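Undergrad: Sequence:
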Amino acid sequence: TESIKISSLVLSEVGYGLPKRNLKLSVIKNLLKTKKVLAGRSNEELLSLPSTKVESKVMITKILDGLMTSTYLAKPDLWPIVICKGFRWILENGLDRHSPALIACYGVLLCAIGDIIGGNKMSQFAMKLVERPEYVDVKSRVMFVHHTFVAHWICPISVSMRPLMDAYHLGMKTGDVEHAFLNVIVYFICALLVGRNLSLLEEEMRLYIGDMTRYQQDLCYLNGIIGWQFTLNMIGKSKDPTILVGEAMDYDKLMKQLEETGNYQVMDLTIFTQLTLTYFFGEYGKALECVASLRNFEKTHVSHVAVWRKLMFEALTLFAVARQRKHRRNLRRRGSKITKRMRHWISLGNLNCVHAVHLLEAEEAALKGRQETALRKYEEAITASGRAGVITDKAIASERMGEFLFSMQNFEDASFHLKEAVMQYTRWGATAKAKHLQENYSNLFQKYPTPSAGGLFSQDEDIL
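Quick note, the numbering used here runs 126 ahead of the 1-based positions in the sequence shown.
Simulated from the structure, these hints should not be mistaken for lab results.
As the structure is a prediction and not an experimental result, all values here were calculated from the model.
Note that CB positions come from ideal geometry on N, CA and C, so glycine has one too.
There may be inaccurate statements among the hints.
What the hints assert, rightly or not - Derived DSS-like pairs: lysine-lysine, alpha-carbon spacing no greater than 30 angstroms straight-line:
#1 Lys159 - Lys131
#2 Lys146 - Lys452
#3 Lys425 - Lys382
#4 Lys365 - Lys161
#5 Lys382 - Lys452
#6 Lys452 - Lys466
#7 Lys379 - Lys365
#8 Lys412 - Lys379
#9 Lys161 - Lys299
#10 Lys155 - Lys201
#11 Lys131 - Lys201
#12 Lys466 - Lys425
#13 Lys155 - Lys254
#14 Lys463 - Lys155
#15 Lys159 - Lys188
#16 Lys161 - Lys131
#17 Lys162 - Lys425
#18 Lys365 - Lys131
#19 Lys466 - Lys412
#20 Lys363 - Lys150
#21 Lys146 - Lys188
#22 Lys452 - Lys363
#23 Lys247 - Lys379
#24 Lys463 - Lys188
#25 Lys463 - Lys412
#26 Lys201 - Lys159
#27 Lys379 - Lys452
#28 Lys463 - Lys452
#29 Lys159 - Lys299
#30 Lys201 - Lys150
#31 Lys183 - Lys131
#32 Lys183 - Lys162
#33 Lys162 - Lys150
#34 Lys161 - Lys146
#35 Lys131 - Lys150
#36 Lys131 - Lys463
#37 Lys201 - Lys146
Unchecked claim - Simulated DEER-style distance windows between Cβ atoms:
#38 Val285 - Met549: 25 to 31 angstroms
#39 Ser473 - Thr509: 47 to 53 angstroms
#40 Ser533 - Ala165: 54 to 60 angstroms
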């Protein structure tokens, strides 16, 4: 916080000081002012911006660049203002080695306010800049920004996985160790989202997190151990699969440490990961507690690849708890709002939300008692996630369809879809979850050992 104050004083001397109050109004003013300055400039004009080697100008860009990181972590309300001021400074004073990251982050900001096309344009502009030899030392950082905060809005998450590892190797080669490992962290997140085999992924995590320790990359290490412990839980290498406690970390101890240091970004990531675990293992009450603690997630993870994922699990939790309660209208409405929001993202070109929206629509239809619609939407979710290659969500959709059929007393088809879920979880490597499902429905699986998908309206009272 002290560094932010000092930097703001220096920026004030060149007319770029940061506001101390009315931040929301200042964000709007800065966005409009930046849009006005940028109006009518083509990609070619932006790429032909002159370079500057004037030390005083480069120093200001460096300060703005540093502020971009510090405000993102400590003062997220100031972050959009810093980005806008940094981008305008570049347009007025020219390019230097600190410029590409500021430009990429302006793209992130545009994505965060819903301008996906404009955000991608700015991020691609930064990506083209770092192809120049003079910017190679910041290329790993810009690739991190692009694939963490922008690419997922318009491309399948799986597309980013190879570039993220390329960025890791480049960062290690150029000496940008911090962003090298940050790229690895996002690779882990993407790998978990698409369903890379957990046993293989756990080996990678163990290796790279060990390297983070050796290179003293504490922030990367803290981010890394969360996903590592989640993986250990899912493959059955923890005493209680519903709690982030084991070889990699202890939930309560880590949360206390993060609270003492004010690291809300990692704290929110930890709670989000805990949310997914409690949902996977049917602890919906605990999952709802996690949801209540994640109100600022989109501030600590602006435009992050995990944002839509957090919203998906939040809505799934709301719908799950609504199934268990009499007074459920408010929970259902909250889930519906999330579905509507994600549906809007699809209209803007987001491919990663398609199967998730089908699943949430199925859950809402099931709550309303619209059986035919729910079954159709569950099928669409299973098909769409399969086509996208997202094993995790194909498993979730199969499980939920099976449970819904079970609630309809259609036990034969329930068995078919629940066994399909077990198969997908096993394929993913989530042996603890597969075992959990098998134990919960052991009687059903014994009665229907080789289920078929026929007879959608069969009845059998003996299983209840």
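Undergrad: Output the numbers, in ascending order, of every earlier hint that fails for this structure.
TA: Hints 2, 4, 5, 9, 18, 20, 22, 23, 24, 27, 29, 36, 39 contradicted; others consistent.
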